[in-house]
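Hey, can you work out the whole structure from these sequences and the hints?
Quick note, the sequences are listed as chains G and U, same order.
Counting from 1, one number per residue, gives the positions in the first sequence under this note's numbering.
Counting from 1001, one number per residue, gives the positions in the second sequence under this note's numbering.
Please keep in mind that the hints were generated in silico from the structure rather than gathered at the bench.
Don't take every hint at face value.
[Unchecked claim] Ranges of calculated distance between the beta carbons of each label pair, as one might list FRET restraints:
#1 U:D1251 <-> G:S5: 38 to 46 Å
#2 U:K1173 <-> G:S5: 40 to 48 Å
#3 U:P1091 <-> G:S5: 38 to 46 Å
#4 G:R80 <-> U:D1150: 48 to 56 Å
#5 U:E1088 <-> G:T34: 44 to 52 Å
#6 U:D1064 <-> G:V38: 38 to 46 Å
#7 U:S1250 <-> G:T42: 19 to 27 Å
#8 U:S1013 <-> G:E14: 24 to 32 Å
[Said to hold, decoys possible] Partner residues are not named here, just some residues of chain U that face chain G (Cβ under 7 Å, in silico):
#9 M1001
#10 P1003
#11 P1005
#12 Y1008
#13 L1037
#14 P1103
#15 R1108
#16 Q1190
[Said to hold, decoys possible] Computed list of chain G residues with no C-beta within reach of chain U, every gap over 10 Å:
#17 T49
#18 V57
#19 L84
#20 Q89
#21 H92
Please read these numbers as outputs of a predicted model, since none were measured by experiment.
All C-beta atoms, glycine included, are put in the ideal place defined by N, C-alpha and C.
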Amino acid sequence: MRDVSLTVNGVRHELELEPRELLVYVLRERLGLTGTVVGCDTSSCGACTVLLDGESVKSCTVLGVQADGHEITTVEGLARDGELHPLQQSFHEHHALQCGYCTSGMLLAAASLLAENPSPSEAEIRQALEGNLCRCTGYQNIVDAIQAVAS
Amino acid sequence: MIPAPFDYERAESVEHALSLLAEREDAKLLAGGHSLLPLLRLRAVRPSLLVDVGRIEGLAYVRDAGAAIAIGALTRHHDLARSPLLQEHNPLVSRAAGLVGDPQVRHRGTIGGSLAHGDPASDLPAVLLALDGEVDVAGPDGVRTVAARDFFLGPFQTAVGQREMVTEVRVPKLTGDHVWSYLKFRRRAQDWATVGVAALARRSDGGVAEPAIALVNMGATPLRAVAAEAAWAAGEDPGALAAEGTEPPSDTNGSAEYRRHLAQVLVRRAVAEAAAR
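Written as structure tokens, this is what we have:
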């Protein structure tokens, strides 16, 4: 076991982790933050995407011990003071989800993109979502929603 | 899928990492983890000790080293893609790095890890081979330099020994006379290349000199398409000879025959794209 300190959505947690515990399970099972979901479990689908120090990562491919001392943002950390994050509001307005399973990962992949490039082109948005699969094939509305926030 | 249990140590320095590696025969280095963690989850590899080198300071950099650009082993693909030095002096590396996996993978994966993993379907090994780059490998007896052509030994086998670690990669500076391209074909956005092609040459007397064409996923290691290179320099169609001497795999993304065809098409496109630069 190893002592690990994680700051998740601004709240610091001191945890004792087995080295093999994946970040996604630390978030879901240790901290109860079930907004981050497990999709493919093979580093492909992006459903488990969170921000690590502001950059998108697949939390099924990061060990909890690797995140020690770092800041994590999950979908639960996007809304502020009861107000949806602009991306969440835009996903709502553009009907950018059907089943919703990919949504938290899409939101955080989009947040990572906009942090680095506040006004991406449509092509840049599509490229930035390379690592996130939507099996409802709702990409068009997802791209529209991100573009609306970007412009 | 949960990995089997392993011990975990955090290396503070290259020397510390090497001493930890020497403790156990089956220890593995962990950097970005984007090749290793999927294998651990599938339990395809079962090291008893992971040595996390991800926090070693001073190993993530892109530096001007005279005739070459020196890249620290822990430099992430994302940082290679955005590096102004690489964009100016070796845009082939920054372009290919920006096409590895997807943004999340590029935020974690490192050049040292990608090279040491030795996956013949990876992008950067073929790019290094096309560039005749070199790799510094630190071990118990000090640091040795391995040329790209001697680095890749087989599928997932490289010149990096069990008790060694990649510390730096060097690629030559390209000039305004150089033409280059990196192309890959994949069925889904984030897939490994079904086939990839790195092409590089220097403009000379209306043609090209020093042609280099390296292939991704056309054999047990990244390969130089020697016959195609000669054809390119001679002003003939390099595509026709692109698959000569290759032994591509057959898998769910394509048969060996399909890959040979794809190599021909991609080499033609890469050479055309390079010529148009």
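- Of the hints stated earlier, which fail here? Failing hints, ascending: 17 and 18.
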